[in-house]
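2 protein chains.
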Amino acid sequence: MKTLFITAIAYLALLTTSCIENKSENNKTELEAIFPKGELGAAENFTGNAWNTALVANDSTYNTVIGNVYFEPGARSNWHTHPSGQILIITDGVGYHQIKGQPRQTIKKGDVIKCPPNVLHWHGASPDTGLLQMYILPKTEKGIVQWLQPVTDEEYNSTIKK
Amino acid sequence: MKTLFITAIAYLALLTTSCIENKSENNKTELEAIFPKGELGAAENFTGNAWNTALVANDSTYNTVIGNVYFEPGARSNWHTHPSGQILIITDGVGYHQIKGQPRQTIKKGDVIKCPPNVLHWHGASPDTGLLQMYILPKTEKGIVQWLQPVTDEEYNSTIKK
Chain A
28 MKTLFITAIA YLALLTTSCI ENKSENNKTE LEAIFPKGEL GAAENFTGNA WNTALVANDS
88 TYNTVIGNVY FEPGARSNWH THPSGQILII TDGVGYHQIK GQPRQTIKKG DVIKCPPNVL
148 HWHGASPDTG LLQMYILPKT EKGIVQWLQP VTDEEYNSTI KK
Chain B
28 MKTLFITAIA YLALLTTSCI ENKSENNKTE LEAIFPKGEL GAAENFTGNA WNTALVANDS
88 TYNTVIGNVY FEPGARSNWH THPSGQILII TDGVGYHQIK GQPRQTIKKG DVIKCPPNVL
148 HWHGASPDTG LLQMYILPKT EKGIVQWLQP VTDEEYNSTI KK
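Protein sequence lines correspond, in order, to chains A and B. First residue of the first sequence? That's 28 in my numbering, and the numbers climb one at a time after it. First residue of the second sequence? That's 28 in my numbering, and the numbers climb one at a time after it.
Looking at chain A on its own, in the form it has when it is part of the complex (with noise of 0.2 Å):
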């Protein structure tokens, strides 16, 4: 009886623990995940923690880079740009996105945006909600990423505007 209930207890214990990690992320971050957590982020491109997923890899067939990252809530990237542009789609959580010279924009669940180009741009989770987003980078023949300075506690908190 005594080995069962110790038995029993540990079995227990594991549940209780598998169910609370998996509550807790839910909860905590209210956000559905299609991928793995990933890799964090470089420190000198990233403010807070952004966690990344490959998915495909730059070849010559389709010149193609796409990935999967989680902002933790607060994190944002660097001003950084895209000598080919970049797709965003959100798939779960609340964020941001700022073209440089123009408003920050709210993104969430479903938006899909586009930076073009070449243009200098940030994006990031808000304040107390983290951002799930796949990035698409099309004509990887032309380069990847060029990293720049900080988002500072300024731009990010810039007045909402969608």
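Hints in this document: simulated from the structure, not taken from any laboratory. Warning: the hint list may mix true and false statements.
[What the hints assert, rightly or not] For lysine to any residue, the following SDA-like pairs were computed, each having C-alpha atoms within a straight-line distance of at most 20 Å:
| # | chain 1 | residue 1 | chain 2 | residue 2 |
| --- | --- | --- | --- | --- |
| 1 | B | Lys141 | A | Thr167 |
| 2 | B | Lys127 | B | Thr108 |
| 3 | B | Lys169 | A | Asn85 |
[Said to hold, decoys possible] From the derived model, a few chain B residues whose C-beta atoms are all more than 10 Å from chain A:
| # | residue |
| --- | --- |
| 4 | Gly68 |
| 5 | Asn76 |
| 6 | Trp78 |
| 7 | Thr88 |
| 8 | Arg131 |
| 9 | Pro154 |
| 10 | Thr156 |
| 11 | Gly170 |
| 12 | Gln176 |
None of the values given here were measured: they were computed from a predicted structure. Glycine residues also receive a C-beta, built at the ideal position from the N, C-alpha and C atoms.
Once you have looked at the hints, place chain B on chain A.
Quick look at chain B alone, frame taken from chain A:
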């Protein structure tokens, strides 16, 4: 001790049920849609109902077409080719992808599938569960798609090979 044991078992049962219910919800009952259902695909190119939502239209800046298809259970495309190939990203559900001369693959949430240029393929849902998939067509300066014959029931029902 006995009461504690019974309480533990009851709690265990509750947790187990909760986890299974969550799983059941995700896997079977409802697919997690990111985009609107879209417009019904042309009957001459599909068997069953396939709903298309255009996400990125063709242009000379990105030369990339992106969209989302919801295949109802049992629905599938005809055989077809793409002059620059196609990338499929499965966002929910279960389906099939087959390249001519190769075994049919089972595809599911999180899978990324590549079909090379001018290679004959088809894709669609499993008989019991629908499929939500995004498609990315690169290098559209070479064209978009060439539609061919329907996938026969024999081809559709061929042995599952993952």
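Handout entry: Given as non-interface: Thr156 of chain B, which should sit over 10 Å from chain A by C-beta
Key = The claim holds: Thr156 of chain B sits with its nearest Cβ about 16 Å from chain A, beyond 10 Å.
Problem - Exclusion check [Trp78 of chain B not at the chain A interface, CB over 10 Å] - result: For Trp78 of chain B, whose nearest Cβ neighbour in chain A is about 15 Å away, the distance exceeds 10 Å, so it holds.
Practice task
Below or equal to 20 Å on CA atoms is what counts here, so check Lys127 of chain B against Thr108 of chain B.
Solution key: Judged against 20 Å, a Cα distance of about 10 Å means the pair holds.
Practice task
Just double-check Pro154 of chain B for me: nearest Cβ-Cβ distance to chain A has to come out over 10 Å.
Solution key: holds (23 Å)
Handout entry: Nearest-CB test (10 Å) between chain A and Gly170 of chain B
Key = It holds; Gly170 of chain B is separated from chain A by about 15 Å at its closest Cβ, greater than 10 Å.
Problem - Given as non-interface: Arg131 of chain B, partner chain A, CB spacing beyond 10 Å - result: holds (22 Å)
Problem - Minimum Cβ-Cβ distance from Gly68 of chain B to chain A exceeds 10 Å - result: holds (20 Å)
Practice task
Test the statement that Gln176 of chain B is away from the interface with chain A: the closest C-beta pair must be farther apart than 10 Å.
Solution key: holds (26 Å)
Exercise for the section: Verify that the Cβ of Asn76 of chain B lies farther than 10 Å from every Cβ atom of chain A, and report whether the claim holds or is violated. Expected result: holds (21 Å)
Handout entry: Pair hint Lys169 of chain B and Asn85 of chain A, alpha-carbon separation not exceeding 20 Å
Key = holds (19 Å)
Exercise for the section: Decide if the proposed pair is consistent with the structure: Lys141 of chain B and Thr167 of chain A, CA atoms, cutoff 20 Å inclusive. Expected result: holds (17 Å)
Problem - No chain A beta carbon within 10 Å of Thr88 of chain B's - result: Per Cβ check, Thr88 of chain B is inside 10 Å of chain A; nearest 6 Å; violated.
The structure shown violates just one earlier hint, number 7.
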